[in-house]
Amino acid sequence: MRVAIIGGAGRMGRWLIEHFLNQGHTITISDANEEEARRVAESKGVKLAADNIEASRDADLIVISTPIEVTPTVIREVMPEAKRGSTIMEISSLKSGVIQALKEASEAGVRALSIHPLFGPGVKRLAGERIALIPIKDGEAEAEEAGKLFPEAEIIIVGAEEHDRAMALTLAIPHILNIAFSSLVGEEDIRSLKRLGGTTFKLQLVLGEGVMAGDPHLYASIQMGNKYTVDSLDRLISRLEDMRRWIVHGDRESFIEFYRSVYSSISRDEDFQRAYERMYRALEAL
-11 MRVAIIGGAG RMGRWLIEHF LNQGHTITIS DANEEEARRV AESKGVKLAA
39 DNIEASRDAD LIVISTPIEV TPTVIREVMP EAKRGSTIME ISSLKSGVIQ
89 ALKEASEAGV RALSIHPLFG PGVKRLAGER IALIPIKDGE AEAEEAGKLF
139 PEAEIIIVGA EEHDRAMALT LAIPHILNIA FSSLVGEEDI RSLKRLGGTT
189 FKLQLVLGEG VMAGDPHLYA SIQMGNKYTV DSLDRLISRL EDMRRWIVHG
239 DRESFIEFYR SVYSSISRDE DFQRAYERMY RALEAL
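Take the sequence shown: its position 57, counting from 1, is numbered 45 in my numbering, and each next residue is one higher.
Don't read these hints as lab results, they were simulated from the structure. One or more hints might be untrue.
Okay, derived cross-link-like pairs now, SDA-like style, lysine to any residue, Cα gap no bigger than 25 angstroms in a straight line [as the list claims (entries may be wrong)]:
1. K35 to D48
2. K91 to F138
3. K71 to E132
4. K32 to E22
5. K112 to K125
6. K71 to V111
7. K32 to E42
8. K215 to E92
9. K91 to I144
10. K91 to D48
11. K35 to V111
12. K190 to E272
13. K32 to G12
14. K71 to K125
15. K32 to E140
16. K71 to Q88
17. K215 to F260
18. K190 to D177
19. K190 to S255
20. K112 to Q88
21. K112 to R(-1)
Taking CB as the label site, the calculated pair distances span [unchecked claim]:
22. M212 to K71: 45 to 51 angstroms
23. R266 to A208: 27 to 33 angstroms
24. K215 to A270: 28 to 34 angstroms
Idealized CB from N, CA, C, for every residue including glycine.
Please take these sequences and the hints and turn them into a complete structure.
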């Protein structure tokens, strides 16, 4: 199969190159960063196209791995060049803004796939990993096709709005928390904190530093491109302000009451009872 990867010089683009090369496919890439794209193409042994249109021409699968905010534009750019019966697949972390462009592609006789790999480019193997699939025309058929492209991953079908609402809590808020935490730690003697920090701190530091090793442009897009982020952030800030007030005034009763309320709701998670054990297992694996 001939695969075009638009944005092939990015971190996920490079992961996709490896993934499809391992499946025996022929790869062509393009990227706005021409110098980096040239280095990637040479190191991976794949073809470098002059532009997105050239990369897409004659491809059986066109993968859009570009920044979230330009993905709809790129879909519409390559759509006229996509041969009938080929597939355009985009992998952005937010979906509300890209669905219309994919529907247009579908109406033009191109198969359209909208997926979100729920993992980063550091993943070595797909077994146990999950991929969200947002239906464009026929969710079941699209999930089947995605399953063939990523055979070891679990495919989860979810609507665009539900997906983006979930991403506010599963991506945006964790990123904000870890960036803020890292900013505090970075102002201190990190070596001393690591010597004195217990299990919770060690795990939180790993999470914080892991987030800070990522792409700030992607994080900004995830925060600012999701209409549900501000609502989740407002709710978080409200709870932080409540706890600050209780701490300032020594209001133990309100603090403990809030803790118990949170415990009652979060303990409904079927994995809750094993959380403490899993935390220590995670630490041992570091």
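Status of each hint after checking the structure:
1. K35 to D48: Holds. K35 to D48 sits at ~15 angstroms (cutoff 25 angstroms).
2. K91 to F138: Given that 25 angstroms is the threshold and the Cα spacing comes to 22 angstroms, the pair holds.
3. K71 to E132: holds (21 angstroms)
4. K32 to E22: holds (15 angstroms)
5. K112 to K125: violated (31 angstroms)
6. K71 to V111: violated (32 angstroms)
7. K32 to E42: holds (19 angstroms)
8. K215 to E92: holds (23 angstroms)
9. K91 to I144: holds (20 angstroms)
10. K91 to D48: OK: K91 and D48 at ~18 angstroms, within 25 angstroms.
11. K35 to V111: holds (24 angstroms)
12. K190 to E272: With a Cα-Cα distance of about 11 angstroms, the restraint between K190 and E272 holds, given a limit of 25 angstroms.
13. K32 to G12: Measuring from Cα to Cα gives roughly 13 angstroms; hence the hint holds.
14. K71 to K125: Status holds; Cα separation ~18 angstroms.
15. K32 to E140: holds (23 angstroms)
16. K71 to Q88: Given that 25 angstroms is the threshold and the Cα spacing comes to 20 angstroms, the pair holds.
17. K215 to F260: violated (30 angstroms)
18. K190 to D177: holds (15 angstroms)
19. K190 to S255: Within the cut-off at roughly 23 angstroms; holds.
20. K112 to Q88: violated (33 angstroms)
21. K112 to R(-1): holds (13 angstroms)
22. M212 to K71: 45 to 51 angstroms: Since M212 and K71 have Cβ atoms about 35 angstroms apart, the given range 45 to 51 angstroms is violated.
23. R266 to A208: 27 to 33 angstroms: Since the Cβ atoms of R266 and A208 sit about 31 angstroms apart, the hinted range of 27 to 33 angstroms holds.
24. K215 to A270: 28 to 34 angstroms: holds (33 angstroms)
Checked against the numbered hints above, the structure violates hints 5, 6, 17, 20, 22; every other hint is satisfied.
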